[in-house]
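Position chain B relative to chain A; hints supplied.
2 protein chains.
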Amino acid sequence: MSARLIDGKAIAADIRADLREQVQRLPVQPGLATVLVGTRPDSVTYVNMKHRACAEVGVRSVRVELPESVSEAELVGRVRELNTDPQVHGILVQLPLPPHIDEERVLAQVSLEKDVDGFHPVNIGRLAMKNRDPLFVPCTPLGCIELLRHSGTAIAGRQAVVLGRSNIVGLPVALLLLRENATVTVCHSRTRDIAAVVRQADILVAAIGKPEYVQADWLRPGVTVIDVGINQKPDASSARGYRLVGDVDFDACRRVAGQITPVPGGTGPMTIAMLLRNTVRAAQRQVQNG
Amino acid sequence: MSARLIDGKAIAADIRADLREQVQRLPVQPGLATVLVGTRPDSVTYVNMKHRACAEVGVRSVRVELPESVSEAELVGRVRELNTDPQVHGILVQLPLPPHIDEERVLAQVSLEKDVDGFHPVNIGRLAMKNRDPLFVPCTPLGCIELLRHSGTAIAGRQAVVLGRSNIVGLPVALLLLRENATVTVCHSRTRDIAAVVRQADILVAAIGKPEYVQADWLRPGVTVIDVGINQKPDASSARGYRLVGDVDFDACRRVAGQITPVPGGTGPMTIAMLLRNTVRAAQRQVQNG
Numbered sequence: 001m002s003a004r005l006i007d008g009k010a011i012a013a014d015i016r017a018d019l020r021e022q023v024q025r026l027p028v029q030p031g032l033a034t035v036l037v038g039t040r041p042d043s044v045t046y047v048n049m050k051h052r053a054c055a056e057v058g059v060r061s062v063r064v065e066l067p068e069s070v071s072e073a074e075l076v077g078r079v080r081e082l083n084t085d086p087q088v089h090g091i092l093v094q095l096p097l098p099p100h101i102d103e104e105r106v107l108a109q110v111s112l113e114k115d116v117d118g119f120h121p122v123n124i125g126r127l128a129m130k131n132r133d134p135l136f137v138p139c140t141p142l143g144c145i146e147l148l149r150h151s152g153t154a155i156a157g158r159q160a161v162v163l164g165r166s167n168i169v170g171l172p173v174a175l176l177l178l179r180e181n182a183t184v185t186v187c188h189s190r191t192r193d194i195a196a197v198v199r200q201a202d203i204l205v206a207a208i209g210k211p212e213y214v215q216a217d218w219l220r221p222g223v224t225v226i227d228v229g230i231n232q233k234p235d236a237s238s239a240r241g242y243r244l245v246g247d248v249d250f251d252a253c254r255r256v257a258g259q260i261t262p263v264p265g266g267t268g269p270m271t272i273a274m275l276l277r278n279t280v281r282a283a284q285r286q287v288q289n290g
Numbered sequence: 001m002s003a004r005l006i007d008g009k010a011i012a013a014d015i016r017a018d019l020r021e022q023v024q025r026l027p028v029q030p031g032l033a034t035v036l037v038g039t040r041p042d043s044v045t046y047v048n049m050k051h052r053a054c055a056e057v058g059v060r061s062v063r064v065e066l067p068e069s070v071s072e073a074e075l076v077g078r079v080r081e082l083n084t085d086p087q088v089h090g091i092l093v094q095l096p097l098p099p100h101i102d103e104e105r106v107l108a109q110v111s112l113e114k115d116v117d118g119f120h121p122v123n124i125g126r127l128a129m130k131n132r133d134p135l136f137v138p139c140t141p142l143g144c145i146e147l148l149r150h151s152g153t154a155i156a157g158r159q160a161v162v163l164g165r166s167n168i169v170g171l172p173v174a175l176l177l178l179r180e181n182a183t184v185t186v187c188h189s190r191t192r193d194i195a196a197v198v199r200q201a202d203i204l205v206a207a208i209g210k211p212e213y214v215q216a217d218w219l220r221p222g223v224t225v226i227d228v229g230i231n232q233k234p235d236a237s238s239a240r241g242y243r244l245v246g247d248v249d250f251d252a253c254r255r256v257a258g259q260i261t262p263v264p265g266g267t268g269p270m271t272i273a274m275l276l277r278n279t280v281r282a283a284q285r286q287v288q289n290g
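Chain order of the listed sequences is A and B.
With the UniProt record's numbering, the residue at position 210 of the first sequence is 210, and numbering never jumps.
With the UniProt record's numbering, the residue at position 33 of the second sequence is 33, and numbering never jumps.
Here chain A stands alone, though its shape is the one from the complex (with noise of 0.2 Å):
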């Protein structure tokens, strides 16, 4: 028996699809304003994925690039003018910021309406409680939801388990299983024996960042595994010296799992797809709200 593959990069190819219609059908171009701080090799890498999709689907997008050395204020000087620019319907700030910058102080910059990342910490704050709706939610975790809906996993009143509790994966993507009534546990680098509580899994979010942590027997058979994880592991037979693994062993994991995502090709494509849908969103609000 071998694990259903949950292929996010199709899924995320109709999500665009459609997208682009509701973007052909609105009054207005979307536009993106991605901020990125200094030139980290990955940062470079996901803002550059972010603007070849906005082109693919027909969304705007804007790019401000700083240096590694630039205040806070003048990076807030910049996130508000953004706030203002009828242009910009979405504001990304590329995380992680240079150690001197506040992270949340920036975020809470950006407007409320355009925060398509989901991270000021007042749409954080209402995925938290119950009956607030946060205006956006955060991509990956997002998109990992999505992944299940699209893999027709039932989630209310399963258990699910959740390796990491990052502020960008692990701890929204718990609160948003919850939201879907699951029963959630979060575990992390300190939870004790966490082969057994993986075990009682019947949904698993892998974003611990380590390359092929979980291990088959850690999995009740016909689990579905979503691997958020994305890990270079060398590779000598690869021209660029390594091959991109995910949080799970996947060669082994796939024989016990029911549904598995792959790495790559699994959630990356899929976060993507979710900050366009939310900035078309964000668009389409402020079209209605004038």
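Calculated directly from the structure, the hints in this document are not laboratory data.
One or more hints might be untrue.
Claimed, not checked - Heads up, simulated DSSO-like pairs for lysine-lysine below, C-alpha to C-alpha not over 27 Å straight-line: (1) A:LYS9 <-> A:LYS210; (2) B:LYS9 <-> B:LYS233; (3) A:LYS130 <-> B:LYS130; (4) B:LYS233 <-> B:LYS210; (5) A:LYS233 <-> A:LYS210; (6) A:LYS130 <-> B:LYS210; (7) A:LYS210 <-> B:LYS130.
Every value quoted in this text rests on a predicted model; they were computed, and no experiment measured them.
Showing chain B alone in chain A's frame:
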């Protein structure tokens, strides 16, 4: 074998005694304002208890009482007046508010520096994020953590199970336990086989609002039980016709648990002690910041 009682009443009395000394050393008298809308008997009781506790430790307290029919705008106006009142260091809006008022919009108007109830959406957002510190943490969840500390229960690395996911207790206590490095599971009305999940717990926080719901055979022997429930149970032998019981079947569970809080006299007094502590800290901070 009978569980050791975690005596919230005694621990809260010690905390109040300590706060009384801190208040005497402050150059200003700390002030707490309560805002009560309507005349719900339980809300009136809670507000009265808070004022009595303030008097006991030397905190000045101010009552704002508004009719059930008050408009949101008028309520917000009163909150803003309290924000600028230099004699008021902490503001508590008694929940729940009537249905015609948007609770989050009102709570968001409380100055972050005076949010001694910890329910401002930004304080909740910070509570949900690593490396961000809320200025204040909601009082009942904070009281649960204090009871664990005072009882000598280790939290880091242990399996904590939270029954209930309310905004006021379940969710914030889960976030606090996670910050204390517990492995945290949140259960609720949609959880399947809640007994099996509870059986994993080294620490159980019951906040599900069902009288004597947790059964002795759900418990792992030695577990520490924090019972946040306050329910009325008909009792002909009582002059009031009822007695207060928690969410845990106390008489049976105390034979299995290692430590357990009684109801009343467990989490209830701690909630008020934490409100006083938050108010005194608010005054200390406002004095320091001139």
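Going through the numbered hints above, which ones does this structure break? Give me the numbers in ascending order. Structure breaks no hint.
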